[in-house]
Each structure stands twice: as structure tokens, then as C-alpha cells.
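K.L.:
So you can see what is in the structure, the chains are spelled out below.
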Amino acid sequence: MTKHVPHPGKSLGEDDGHVSFAPQAYAELHVTSNFTFLTGASHPEELVQQAAELGYRGMALTDRHSLAGVVRAHARAKACGLPFAVGCRLEMALGSGERSITVLVYPTSRAAYGRLCQLLTLGKRRAPKGECHLTLHDLIEHQTGLLAVLVPPLFGGERVDDLFLEAAQGLCRTFNGDRLSLAVSLNYGPNDRAGLEQSVALADHLRIPLVAVNDVHYHVPQRKPLHDVLACIRQGCTLDQAGYTLSPNAERYLKLPHELHRLFAAYPPALARGVEVLQRAAQFSLAELRYEYPHETCPPGKSAMEHLCALTWAGAADRYPAGLPDKVRAQLEHELDLIAQLNYPHYFLTVHDIVRFARVRGILCQGRGAAANSAVCYCLAVTAVDPARINLLFERFISKERDEPPDIDIDFEHERREEVIQYLYEKYGRHRAALTAEVITYRGRSAVREVGKALGLSLDLVDRLAKDLFWFDKSAADRKRYAELGVDPDDPTIQLLGQLSREILGFPRHLSQHVGGFVLTDQPLSQTVPIENAAMPDRTVIEWDKDDIDALGMLKVDVLGLGMLTAVRKCFELIERHHGRRVEMHTVPPEDPAVYEMISNADTVGVFQIESRAQMSMLPRLRPREFYDLVIEVAIVRPGPIQGGMVHPYLRRRSGEEAVEYPSQAVRQVLEKTLGVPLFQEQAMQLAITAAGFTPGEADQLRRSMAAWKRKGDQIYRFGEKLINGMLANGYPLEFAQRCFEQIKGFSEYGFPESHAASFALIVYVSAWLKHHYPAAFAAALINSQPMGFYAPAQLVRDAKEHGVKVHPIDVQHSAWDCTVECGGLEAALACGQAVERSCASHKAQAASRPPHSKALRLGMRLIKGLKQTDADAIAQACVQHGPFASIEQLWRTSGASARSMRLLAKADAFASLGLDRSHARWTTQRLHDEDLPLFDEEQFMVEADDAGAILPAVAPPMQVVQDYGATGLSLKAHPLSFIRPALEKMNVTCNAELSNGQAWPDGAPMRVAGLVLVRQRPATASGIVFMTMEDETGVANLIVRPRVFDRCRKAARHSSLVIAQGRVERQGQVVHVMVTDLRAAPALNPGPAVRSRDFH
Amino acid sequence: MSGVAAREGKRTEGGILHERPATPGGPWLGSHPPQRVGFREGILLRRVVASRELVVQGCEQAAQAGVTPGMTVAQARALLGRRPVRVLPSDPAGDRAGLHALATWALRYVPAVMPDAGDDPACWAWSGLLADITGCQRLYHGEINLLRQLHDAVRKLGFAARVAAAPTIGCAWAVARFGARDLAMVHNGDVREALIDLPVRALRIEPEVAAALEEIGVMRIGQLLDLPRRSLPTRFGRMLTLRLDQALGQAMETIESVRPRPPLSVTQEFAGPVKDVQVIELATRQLLEDLCHRLLGRESGLRQMEVTLKRSDCAPYRIDLSVSRFTRDAKHLGVLLRPKLERAHLGYGVEAITLTASRAGWIPHHQHDDPALGGGDAQMNLAQEQAQLVDILVNRLGPAAVQRALPVASHLPERAVRHVSVMEPPTKRWEGTRDLDPHHRPSALLPEPRPLEVMAVTPDGPLVQMQWDGQTLRVLTTIGPERLTPEWWRHKAVGWAESLRPATRAGRDGGPSKLGPPYQPCTRDYFKVQDEQGRWWWVYRELETRRWFVHGGWV
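Protein sequence lines, in the order shown, are assigned to chains V and U.
Per my numbering, numbering of the first sequence is gapless, rising by one per residue and ending at 1097.
Per my numbering, numbering of the second sequence is gapless, rising by one per residue and ending at 555.
Bear in mind the hints are in silico, worked out from the structure with no lab data behind them.
A couple of the hints might just be wrong.
Said to hold, decoys possible - SDA-like, lysine to any residue: derived pairs with alpha carbons at most 25 Å apart:
1. V:Lys868 - U:Val209
2. V:Lys453 - U:Arg415
3. V:Lys865 - U:Arg415
4. V:Lys865 - U:Val258
5. V:Lys1051 - U:Pro69
6. V:Lys1051 - U:Leu54
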């Protein structure tokens, strides 16, 4: 659902140059775009473009209570050279509130614009999300500098009556005839001529001029069907039921000026007044919004730049205790110079302040994206990619040519991001800090669903069509699919559905909040843009999205959440507590060969980014040896490079199978670090500059169009032509040019910029280092940060066990809410810390050499499904203060936990230290009640004190394991599959561990494996192939399921938790897959374990 | 049908109808209404819980594919893959009614039957019937024959049944659902034996209680019986011990049978065959009065009536009569009935006449509604008289010939009205308001627009003269144009939107756009015009074809 509307500011100026005005002067003052949600049927850009093409003298955009579309319109108007006025339609309550009066307002100056924003903010903040409550009084208070057009209710079903006249006269007194006009529109109603006469009479009565408008809702009459459909969606009805909600004709479009002159031939002054109002309103342009950064980040008596320099050099000294390398010093000087020139110090100080706050609170954070290109950001501790270790391109971040503010995205721990957000609100106040909006637009499914409903198709059919969207994307040639859906492709309604769904794509549906994009200003924000309430309490959102903000050059800081940072911070804490060692992101020992060895063996369960199947199968082939290899690894296993066909050339070149050739020395410089294959966005840009003669500005547009070609498809092809021609002109072979273009096109689908990959690679390295050296703490931290990552606690625990970590089960008297690390006292902790320091050749050997008591993972009560943290904390505290306990009841009464929690603990078999197994604990806890029992029962309670020893049926081990899975999602007792192993052996099923035995099972050998399905993944790039990961008691097997097989064995493939797969072994070096030919459900444990795989498709 | 039994002779028996597919792969629904049976494709019943669509019950095919109640419809569809499946909303009220009907039906076998279903639609999988079969065994030459007959009869209705007879309701309930066979009998003294191997769920206990027992390892009723009984209530509530006692016959439980209510009917038998129409009419009139009097006693009226003439040596002759609203006015009904009686074929003579109120409904009593007493609401009386007139017309002319005009919310004049049979219950007035002055629509509309020749100076300007019926009429006044576009979604012309061009543009492109095929919908410009004789016409021009039509006028 979340997708940005393509933004005009980002597109090329298609029609640079100026409009030729039509001989008959006309300007449209009443235009409703699709930012009046579900009403207007054209994008603001389309309206502006059409007005310019028809030779209008100007156009205003007057969406209802909203300025959400004005930036787009403004940007397009600037490109077309059309005079454009910002406007807004206000509907204000009259009298007791059942009636309303409609007024269009247009600011004539920056100050008036600020007042309009404040007026809208006032109305929106006092109303629920999406509404705006205003009265005439509010308008009169904010009226200075506004032009107004009164829309009489002549054609709106209501009559001009005393209530309206009184309100109108009130407006006349405030605005007088100079700034107020009366709107009249002729839309081929039953008696337009009489309407015009009445309007003239009313205008005379009020003594204000009449102004001609056309109440435009769409730019061309062909949008009338869509306009009707939108009305139906708004009303929740079908076209057949809509009746008079629809307009009787298609006249509310942008008409030719000479036609309007013909319509208003009886009263030409109305047309002239429109042009006059527009000219006055167009005196104000959004370009006047001079953005000002917040100033309080700077101590008094110091200029911002001085302060920034001081902070930077102090930070540099901190970052490089051994002395600042010359390269970095030069880079810092260069950057500071540029920052001073472009006057961005406040921006950097603001970001520094946020990061400083996070550090004080102990919240781990790291900048991502382009900011990692900056040494200043590194020294300010915003990013953690050491510029001494990697060469980055500062101009990608800030450049003089692109006069655009820098954009810094910072990841925070996902559990504590809210603290940062609240800090920003507190520090800058709600009037100066707000989240940017995210325009939620119609996308394939929602479009088909809602249009289908409006067309009156059955909900059932609509659901089916919406679900299988292929019919919609692919052309009508694919008639078979229609038949499968039970639909006649020639049915006119189906064709209408297709046509209208395509039209509605990209239409905004409502405004939502951006995940973390903050706008901060020096002056009150409500004077720049209206602010409204978000759906979440305590959040306020501006009306513009991030592209609008970009287009106007405003500062934005993205406050994002990243789960792995939470885990890393928790791991650091555990290490400090149990191993007495303090580590930070930038003090983790770099380039540890043992860590790279582990990564090369694809032993990366739980490691950031490189834990997915695709990454894991790439690791043994790529064999990372140094930090930059990780950067490449992160960037290369992405849909972009995969689709651009860059992966295999790179791998071949890296392994030396293919010679690295460069068509020229210039290209060599650009592509050398990635062996001649462009892997990063920056390289594409540089290639365009050096080889195809693009200017840096054009290269940046190329980058932007790369990011948006799916939405604005044609643009990249225009660039493609230019790129290829440019390369040919510079003497490069055609084949090279075309390949470059294909590769660049591939990026557009989620290619990474290098700096971003570098930021992520650092987290990859840190998490891999933690996993290698402190596996128990790492597993505990990962489980404590759930939900996150790829693997469920069961697999993390299993992985930890395989690395020699002893895992203890949950126990009321030993567990806390979180998982903990248990060591045999402080000495042991220190000893094992040292043992780890001696890095061993391989992790297996190291695990064996580790003293068995050295580190154990104690599972926490958080794994118990449904348990409340407060109860768990109370129990843990009671155990520390009053423990150990002899009976459940004693523990229950002391801790004050609820009976329900005690039962959940019993279900999880957590009373072993009290000498009770699951059944007996459950039997005992069943008697506890939170509410007081009546006296009668109390008596019985006493009597049965002795029944604790009731003889309960024995529970078989398979059932025990099933119950473990049911309560906590994992079992330390046994693997469920071990119980059906004898049955499996009869069926010729092999253990997963056998897969690594290359001699017994060579490439292509038929094989049967079984297991518990952990992950199902259907990557978008794999044309329907599903990757499944399953485990048995011996190990993990990776399955590849072709769509045909998946369809045939749908039930097992999709829903079974225990499956048997038949197929052939596929070996590529260390990477082993099973290419599945048949899948079926395994003979079930009864009842089966309650395991849900993590399905990503 | 399930039974409870105390020992001596006072034996009650229970059996359960549990619907399963009669034929493999055939339709099966936890819900009974027979009208639901007979679909070829798979069926899912859904209900919406917190805006999620959940499966309440699926057919056998769905169950085989792995669909279980409680999963989302989307999941179920994924499981069913490409198999055709129909998703219907679950209808608990309908199911309840269906089960009740089934219970009433079963009364033909045993004297006391009770529908057995929980309040939660999700529990409907377990619904069934309970019957008391004490003393019936003799009629069927043994209990087993009764069970067999019931079993087969239910199968013939399209449901598969599981039937069990037992000394207690609880035992019969459990055995019918969880027992090994479709047909089972539990004798006195075998109750405990029959129960111990069944799962604890068979005790009709809350699922949470059953789950709690299972967690402790107590899966079967036998294991439950081994636990100290007195420690059960504090742990699992009193219901558990009660259900246990009921199943074992240690606590009372009874069946509240359904009681059918036959339609109201009156009969007169003659001493011998009567061929005299007047006698028959007289008798009918008396019967009608009798029937209406009885309806008055029930505070109800009828909308449909069946009159059956039992003829000697002939099949009975049946007359059906319907009226437009519930009534118990004998005189009115007599008026409607007389012409039908006149045409009745009496054969060798009528031996008996029966009047049955086949569709009756509630008419609340009113005070003073007799105009003869000076009371009565004039408007209500008018409505009553109108209804009687309608009844007479319908009975004379047939239901299709008498129609009611209803407004339709549409901008197009010819679609703005709709005719329905007057016998259809009146619907609400149309929704959506129209802020249109009634003067802007003509008082008379032609059934079809008729072509007309018009002379105008400018496209939107006033008309000069019209050619109509060979006459040339000078136009004095022109009001308009009012532009109406066709209802684009009704027509085959998907490309209509493409054809819709601003008139000026079409003009600029050179002349009128080409004439489309006859069904091509057109935008119309309507004008109110007054001719020299003072008549007002409603004429329009098709924008695309430039042809003129007259569509109505003000009379």
C-alpha cells in the first residue's frame, strides 16, 4: 500500500520554457485535484500541465482544507511557466453547524500564507484525523492578506437564505469588495442562464464583483468515469446505486478559454476578474519559503560554523587516539569548507544533537545512507564507517551543484526509537517538529478491489481478481488466466475494470505518517505547512511528504528503527556484565581473520544481513577477506545487481576465471574496486560522467530516475539513449554501452549506494564478531530483541548449542524475563573471556576447547507465549529476594503474579527446580484463582491440600516435546523428528547431516530428506521458485521448490510443518541444495508441534 | 437421538444426527437448511470477526484439503488451490431454523425431539438432535430398527447421520460423535464402559476446560474418572462434574421437545356429493367467516389461502388466493373468491370443502378501527380500501398487469422511473436527494424519443423553428441547454470516454464526429422550448451526432 506518488519535482522539466497564452484571457480559480481524496480525478501535475497547454493565464489549486498537493503543482507550474496560485477551499460551519459556507482563499504574501497554514493547522488539530473543523470566525481572525472567493449555494441544493446572506455580509465587511468575489460557474445545468442572472443580482446586492470559475474536478472530460468511480468509493456504493451522487455531465474539466468566453458572453467582467484575482494571488510563490534550520544547537557567543569545527576536531581526536591520518584531515578540511560555503552547519549540529542525546541515554545508533560518505559525520559519531578504511565520495552527500539539503538517515535501536522521537518533540516543541507525511496511494490490489466494488462486481470475484493480479499487468493476450479466474476477458465490465484500475493507480488515498522522517524548523512549522493529527496518539504530521520537502529544500532527519542495533547493544551489555569487557561499535577489533573465516563458511545464523539463504549461499563463493568484501557482499545480493546480471561476472572475475578488462583508463578508475562491474549507484553516476559525458547534475538525475523507473518508466529510457550515445561518441563499443545501461537499469530495483552498504557492512562485521567470540551472549541478545531477523528463537538456540554453548531451560527460580548468560562465577567468566581472546583456527575446534561450564545460556521467560512481563519480573525479583521457594503456592503468594501466569509457566515446564514436572505443576496451578472464591470453596481448598500427590497419567516423551513447542516454540529435550525417525528410515529418508557427505551423495544423486519447516521464501527475483529451509535433529536442509512442484504439492508445501521432500542433490562448492520433485507431509506426531515457519512471500 | 434413562421402564434414549456427506465428496455443511444442499462446487461458510473472514465450516472436499474451522478464508482458498469454491456467509439464524425444522420433521418417528446446538456458531459442527425414544422400540420391533430407520431417513434428506442410543443424554451425545460406528447402542449398565475410552471433549465441556485437562495429560474420560473427584471443581469448575454425572446417569437431564403448529384450517363435509354452486358458495362463505374469526382469535391475518374442494371420484380441486397485505376481512376475501369458485370444475360433486390459511401473519389489534362505530383513522381506511381495490384488480387481471411506479435515482429521464408488480412489498423510497426544480422535468415523457427537425443559429443558442409532423413551428422561447451524459458503465461502449470530446474540439477537428453504431450512447443537450402555439416541448440534441429528438412536453 505504501508507495510514493511520482513527484514532479523529481522529473525532468519536460516543457521548459514558457506557455503561450491564449488570445482570450482566462484563469481558473476553483480546481479540485485528487488531493481532495476521492473527489478530484486528476493529479495536480496533470491539471497544471493541461492549463498551460490550453494557454490559461494561470491556475490556482483549491483542494478542500488541504495544501497537500500544492508543492507538486507549484513544481510543475514552474517547469511549464504557468502562473500558479496557492489556494484552499474552506468549508465553515454556519449557524448550528448543519449548514456550511464555502469560501476559496488565496494568500498574496508569505505572511498571509503563514496565516493560512496556521488556520488549517488550527482546524485540523482540533478535529480527528482527516477532518478540519473551522468557523467563519476563525477565517476572519486569519484573513489579513488573503483573497477570497465566496461560492454561493445556488447549485448546491441549498438556497440563498438569510443565514447565508448574513454570513456573506460579514465576509464583505472584513474583506470588502476589493478582496472578495462571488463565484459563478456554468456547467450546463437545467437553467444556467437564470443561474447567472441570480448570481449577478446577488453580487450586486453584496456589492462585490462576480468571478467566473469552472469548479474543475478533472483535467479532461475523459476522466468523468473515474470521477464517478471515486464518488462511489467515497460513498461505499456501486455505480448503479450512486444515483444523484454522480454529476449529470462531464463539464467540470479545464475548458478552452474561448469556450469559457462564449459561455460567459453575457457577463465578460466575471472573466476579467478571474485573471485579476489570479495575478494578485500568484504574487506569492512557494519558492519564497526560505527554510531556516533550528538555531538552539549552538552555544551563545559562537557562530554555528565555529561550534561545528570545534566539535568535529574534538571528535576526530576521540576517533583517532593514535593520531589523525593525513588523508582524513584533508577530507575533514574539505568537507568543513564546503559546509561553510553552503551554510549547512546548523543541519550538522542538529543531527549531532540527536545522536548525542541517544548516546547519553545509551541508545545505540548509526547513520546510514549518503551520510556515511562524510568524515565529519564520522567524527560527530553520527556514522561509524571509518573514512580511513574506505574511500567515499563526499559529493554524493552534499554537492554545490545540486542545491539540495543533505538528507541524513539514522538507525536507532528499534525498541527505543520512540524515546528519540519524543525527545525531538520535547526539544523543538510540536509547533516546530513534526513527522512528514506519507501519501498512501492506490496500488494494484487496492485499485482493482475498490474499482471492482464500485462497478458492482461480486465481492468474491473482486477478491479473486485482486489476488491474482497478473491478469491486470499482463496484456489481454494472456486469456488463459482469465479463464482460470472464471472471467470473460471480453466482458465490457472487466475491460472497464482494467482501464479504470490503471487510471486510478498512483492516486492518493489518504495521508499517513512517514516511518521516521522529521522536519525541524526554526520558526513555527505551522506557518510553513499545515499540521494535522496522526492516527497514533501523540503524533503530529505535516501535510507534505518527503518529496515535497525535498522540492522545497527543507531539513529532514530520518529517525529509523533497526532491530539488529537493539541486539548489538544488548550483547555489548551482556559482555560487559559477564565478561568484564567494554566494547563499542567503533572499538570492535577490526579485520579479525577468524571472523572472516566463520563468514566464509556461511556460519552466519543471526548475523545481520548475511543470514538469509541467498546471502549464505553466496558467502562460500565470495569468501570475504576484508571489510570491503563485506560491503560488496551486502550490495551484491540484492534484487538490483541480481537482475542486472552483475553477480556472476563479479564472481568469475573474483575467482580469476575471467580476466578483468577495462575499455579505458578512466573507466578503470571508476570500476577498479569492484573488478569492472558496477555494483553501486555511485559508480553508475561516475560512469555516466566519465564515459558518457554527463554533467554531475545530469548524473544525479540519472540516479533519481533509477530510483523511480518503475513508476516513471519512460524517463530512464531517455537517459539510456543519452548514455549510450554519449558512450559511443566517446569511442566506447556499443556492446559495452548497452551492457552498462542494462546494469544501471537493474539498480533501479533496490540497488544500494556504496555508503549505505558500508554502514550496513559495519553492523555485519560487528554482529559476526560478537557471534564468533561471545556466542552465548549473542544468542541471548538476539532472542531478547525478538521479533527481528530471519530466525526464530528455536534456531538461534540450536545454533548456539552447535557452537558449544550450554543451554539451560526456563526455570522460575533461575530465569529472568530476558535470556541471560550464566557463568561459573566471576573467575570463570574472566577465564573464559581470555580463552575466547585466543582466537582459534575454526569455531568448531574452539567450541571443543571451551570449558563446558564457561558459558551457558539461560532461556528467559519472554519465550513463554502470552506471559506478561510484569509478572515475570515480579517472580524473578521474589526469587532474588526471598528464594529459594519450596512450593508453587508460596512463590505465587510472595511474588503476587497472576494465577494465569503461573499456569503459563507450568505449561512451559518451568517448575523443575521445585521438583515438579509439567503435569504436576499444571495440576497444582490449576487450583490457583485470582478472584476470591466463595467460602464454600475455601473449605474445599483446605481439604484438598493433600491432593497435590494425585496420580496423573504419564506423558510420553514425544508429547512432552510437542507441549514444549506449544508453550515456548522450542524444546531442549529432543527434536520432534527424532521420534518419527524409525518411521522415516523405513521410508528411506536420510538425515540432513548426510547432505554434507559429498561422497555418499554426489551432485545429482536422488535423495529423500525430512524436517521441520523453518522458513519459506519466494524472492521476487526467482520467478516463483520457493526456497524452503527445514531442520531435523541432525541439521538443516535447503530445498528449492519449483512453482510446478509447489502447485502440485500445495498443501504440504504451503502449510505442513513437518515435510518429507524427495529430490536431487545439487552441489556448488560448499553449497548444497535439494532440488525437490515431490513434497508431502510427514507422518504426524499426534498432535503435531505448534511451529509456525516464518514465511516470506 | 440421545436418551437418558432411569432404570425401570422409564427408559429414555438418545440419538444424534450428525451431518456428514451422504455420498463421498458430496455437499456437507454443519448447517442444516436443506436449501444449502446441492452445490457441485466446494463450499465454505464464512463469518467476519474483527474484519477478518474466518471459515466457520467447510465441505468435505475442503476438509480433505486441510481446511479447518477458524482459519481465514484466504488460507482456505490457498489450500484449495484452483478448485472451484463458493464462499457463503454463515447464517446462524438460518441454521437454527433449519435444525428446528429437522427436529419437527423427526417427530414423525419419535414423540419428543429437541434441537441441540450451542449459541456460538463455531460450535455448530457439533449440532444435532436429541430425542427421547422411551417406549418406542415396540413400534419398530426393537430399538435397533428404529435407529436404522432414522439413520436412513436422514441420509435420504441429504445428510449423513450418526445415531446412538444410550441410557443418558450425555452418553448418547458422546457416543454419537466420538464413538467408532455410525450406529451405536449402549445398554443399561454399559454407560461407564462406553465412555472411558472417549476423549474428554466428548463430555460437552468448554474447550478451555478440555484443553486444561489435556495439558495435565488427561486425554480420555477414563483418566478423568481416576482423578480424585473432590479436587476437580476448584480446578475445572462445577460444570465438569455435572457433565460427568449427567453422562453417567447420576444427575437428571431432560429433553424439551419441539411442538409443531399446523396452519389454521377449517373444513365442512357434506352428507353427499353437492353439485349446486350456490350451496358451495354459501358453505364457503360460512367457512370464511369461521376462518376469519379464528384468525382474529390468534391476532393474525392471512396473505395466502388455499381452498380445496374434495370431489367424488376425482382429484381434489384447489384454488389459490393471494392478497397484497395481511387481512381477515371475510367479505373482501369472499369477493375475491367468488369468480374463482364460479369457474371451479365440480366433477361428480363436492364432498367436502377445506379452507387453509397457508400464509398467515400477525395483525395487531386496534381500538376503534371499525368505521361503523365512528372510529377509525381516515387515512388507514383509505389505505385499506386501496389495498382491497388492488386485490380485486390483481385477481381479475393477473399480478403482472397491475404495477406500481417507483422513482430511480438516475439523471437520465427514461431511467428515472421503474415499474414493479404491485404485489411486491413496497420498498423504501429511493435514497439520494435531487436538488432539481420539478419544473425542469416534463409532465409527460414519450415512451421513446422521436426524431425532429430543428433550426438553430448557434450550437448552444436559442432555437428558431422545428419541423414536427409535417408542420413547421416557430420557437418563441428557449431555455437550456442542460447537458446529460449517458450512464457509461451500462453500455458496451468502453470507448465512450474516448469519444467524449469537448464540442469545441470536435468542431476544430472538422465537423461532427462520425455516427457510431445505433447503441452508441450519446451526450444530450436538452432544451425547454415554447412554440408559437404556446406549447412547451422538451427536445434534445445528441451532441455527437447532432440529431434532434423530442422527448416529452408540459401538458
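K.L.:
The structure should be examined with respect to each hint, and the outcome stated for every one.
P.N.:
Against the structure, the hints:
1. V:Lys868 - U:Val209: 22 Å, holds
2. V:Lys453 - U:Arg415: 22 Å, holds
3. V:Lys865 - U:Arg415: Distance ~61 Å between V:Lys865 and U:Arg415 Cα, so the pair is violated.
4. V:Lys865 - U:Val258: 46 Å, violated
5. V:Lys1051 - U:Pro69: Satisfied, since the Cα-Cα distance of roughly 16 Å is no more than 25 Å.
6. V:Lys1051 - U:Leu54: 19 Å, holds
In this structure, the earlier hints numbered 3 and 4 are contradicted, and the remaining ones agree with it.
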